[in-house]
Amino acid sequence: MSFIPGHPVTAVVQRIEIHKLRDGDNLILGFSIGGGIDQDPSQNPFSEDKTDKGIYVTRVSKGGPAEVAGLRMGDKIMQVNGWDMTMVTHDQARKKLTKKNEDVVRLLVTRKSLENAVRQSMMQH
Amino acid sequence: MDTESAYSGYSYYSGRSRGSHRHGERSRDRHKSRSKESSRSEKSVTINAPPAEPLLGDQSVRGEEVQDDNWGETTTAVTGTSEHSLSQEDIVRISKDLDDSVGLDCKRYLNVALSVILGLVVFLTPLAFLILPHLLWPDRLRACGTACEGLFISVAFKLLILLLAVWALFFRPPRAGLPRIFVFRALLATLVLLFVLSYWLFYGVRILDSQDEDYQGIVQYAVSLVDALLFIHYLAIVLLELRQLQPFFSLCVTRSTDGATQHYNLGQLSIQRAAVVILENYYKDFPVHNPALLTASKSRAAKHLAGLKVYNVDGPGENNAAAGIAQSQSRAMIAAAARRRDSSHNELYYEEAEHERRVRKRRARLVVAVEEQKKAPGDVMDPREAAQAIFPSMARALQKYLRTTRQQHLHSMESIQQHLAFSITNNMTPKAFLESYLTTGPTLQYGKDRWLARQWTLISEASVTSGLKDGTVFLLKCIDFSLVVTTKKIPYIQLAEEFIDPKSHKFMLRLQSETSV
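In order, the protein sequence lines correspond to chains W and G.
Just so it is clear: in the first sequence, position 2 is 2 by the numbering used here, and no numbers are missing.
Just so it is clear: in the second sequence, position 157 is 157 by the numbering used here, and no numbers are missing.
For the record, the hints were derived by calculation from the structure and aren't laboratory data.
Some hints here could point you the wrong way.
[Said to hold, decoys possible] Selected chain W positions facing chain G (Cβ under 7 Å, derived; list incomplete):
(1) Ile33
(2) Gly34
(3) Ile37
(4) Gln39
(5) Asp40
(6) Gln43
(7) Gln92
(8) Arg94
(9) Leu97
(10) Thr98
(11) Gln120
Positions of the beta carbon are idealized from the N, C-alpha and C atoms, including for glycine.
Put together the whole structure using the sequences plus the hints.
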């Protein structure tokens, strides 16, 4: 998942579809995000590359819609509903996730275990 | 005087010894007759310099003293037992004679007369240039047109400005009497004189002789003269006033008797002018010279050195054995004296502590006595009477305090009463009244008889009209003490610049926030 400026990023991703839960007037997804291009990447405990300014899932609330949909802590969110999440500010990411007129968000997330799994399966062949 | 020691290399002693033979008023007059431009007033500081170079003054004054000069210059060491020694009464008598002397005023009047004559000549020259053609060949003169008459107005106003400027710059009461001529003033006077003379020469040859009819040309010539005079006045301002304003040297002035030191920043001045500035500042900055405070330390030093006189009678080239014995003997004596010196340190410490305690005790009693008194009078009285009423009750405490701090000769009964009346008139608190007695002030605070303003002598190895340089040392000698002045140049400061890009001052505040969605 190393990022070389100017080159496209390739990653093994998983599609996750989260149905938002209506809680009164709010629509909650059940996880917390951290990171962004305006944040300090060296403090990110989940990233391998400490200069990675992507959006990471820092917490998944138990039993919430995100956990049900398969989101895990430490996942890096690459896309939300088609919107890119690798080069956004923290606030932009939040806005893309919490749009009030969307009930469903379709995320593309990546994690280290995915890559390992793919590599293993490739090595078997 | 028994405390004089032998000095060599300074010729000031020759001046002093010479003074002992001249009981008339001419004694110091010789030194001043050389000074052309400086003038004196009754309250001025007199600085006498010994002649270090051949004198420039008029020969008539010097004729009678030629022999004395030679005798003075060849005298090198004067010890206390020679016949040239002066007693205190002699000095006082000489200084009194100086004050009464009439011959000194002649120099001042000469200076004033010369400057007035020069001023008149300079001022009347343009007017003469304008008037003479009308007097000498009025018929042949071409009529003066409008432009020419306009020039008359300009000449008039420029002359007026010049008059005011010269009055402002030159006709001020002098602060001090200097021993040698004021070089810049003399130079400027010479320059002006030469300038005016050259203009007259040109005028005489080209205009008077040929009887030029072009009056406008003559008027323009006069205007150019006045313009040039204004520029010379500008030069005078720069040389006399502006040049010494920017500080260039730092002078360290130390009083020889008790070590009181001050530092002054001066510009580029000649040594005599620097001496005047230093003396003016001396009267306001240095605490008054109190000889009574010195006797204590002198007596202690005398006691300490009493048993210790080591003479090296054998010269340096003597027999080694004899020298060796003498040296070992002196070393033994010095060692014994050193051991003795240890106890004198103790003595000094305890003596000073005791004195300090005593002073504080007296001071406390005095303050209490005065404070009690100041509350007393209820009825309305004239300040003088009030002072006389209050004074007796605190006089004793005040006297004791003054005696302990050895200031009693600085304040007379009369002056204390006057000060008391003054503080009553001005509603001063007791503490304010006591302030002038509790702390020693500068010399100006005390009576005029303490000032000794006419008895300063400038002693310098370099010529006193030469400028100050780094490392110049000169002495200002008064009767009781002398001020040692050393000069140091203010360093040349090289400033370097470091440019900080404003963009590099932008800091990014990096947070790590977590938002739950």
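Verification of the hints:
1. Evaluation of the Ile33 of chain W hint against chain G yields a held restraint, the C-beta minimum of about 6 Å falling below 7 Å.
2. A least Cβ separation of about 5 Å between Gly34 of chain W and chain G falls short of the 7 Å threshold, and the interface hint therefore holds.
3. A hinted interface residue such as Ile37 of chain W counts as satisfied when its beta carbon comes closer than 7 Å to some beta carbon of chain G; here the least separation is about 11 Å, so the hint is violated.
4. Checking Gln39 of chain W against chain G by beta carbon gives a least distance of about 6 Å; that is within 7 Å, so the hint holds.
5. For Asp40 of chain W, the shortest C-beta to C-beta distance to chain G is roughly 3 Å, which falls under 7 Å, so the interface hint holds.
6. Hint on Gln43 of chain W holds. Least Cβ distance to chain G is approximately 4 Å, under the 7 Å limit.
7. The beta carbon of Gln92 of chain W is not positioned within 7 Å of any beta carbon in chain G (closest approach about 11 Å), and the interface hint is therefore violated.
8. A least Cβ separation of about 5 Å between Arg94 of chain W and chain G falls short of the 7 Å threshold, and the interface hint therefore holds.
9. Interface restraint check for Leu97 of chain W: the shortest CB-CB distance to chain G comes to about 5 Å, inside 7 Å, so the restraint holds.
10. A hinted interface residue such as Thr98 of chain W counts as satisfied when its beta carbon comes closer than 7 Å to some beta carbon of chain G; here the least separation is about 5 Å, so the hint holds.
11. Restraint check, Gln120 of chain W versus chain G: the minimum CB separation of about 32 Å is more than 7 Å; hint violated.
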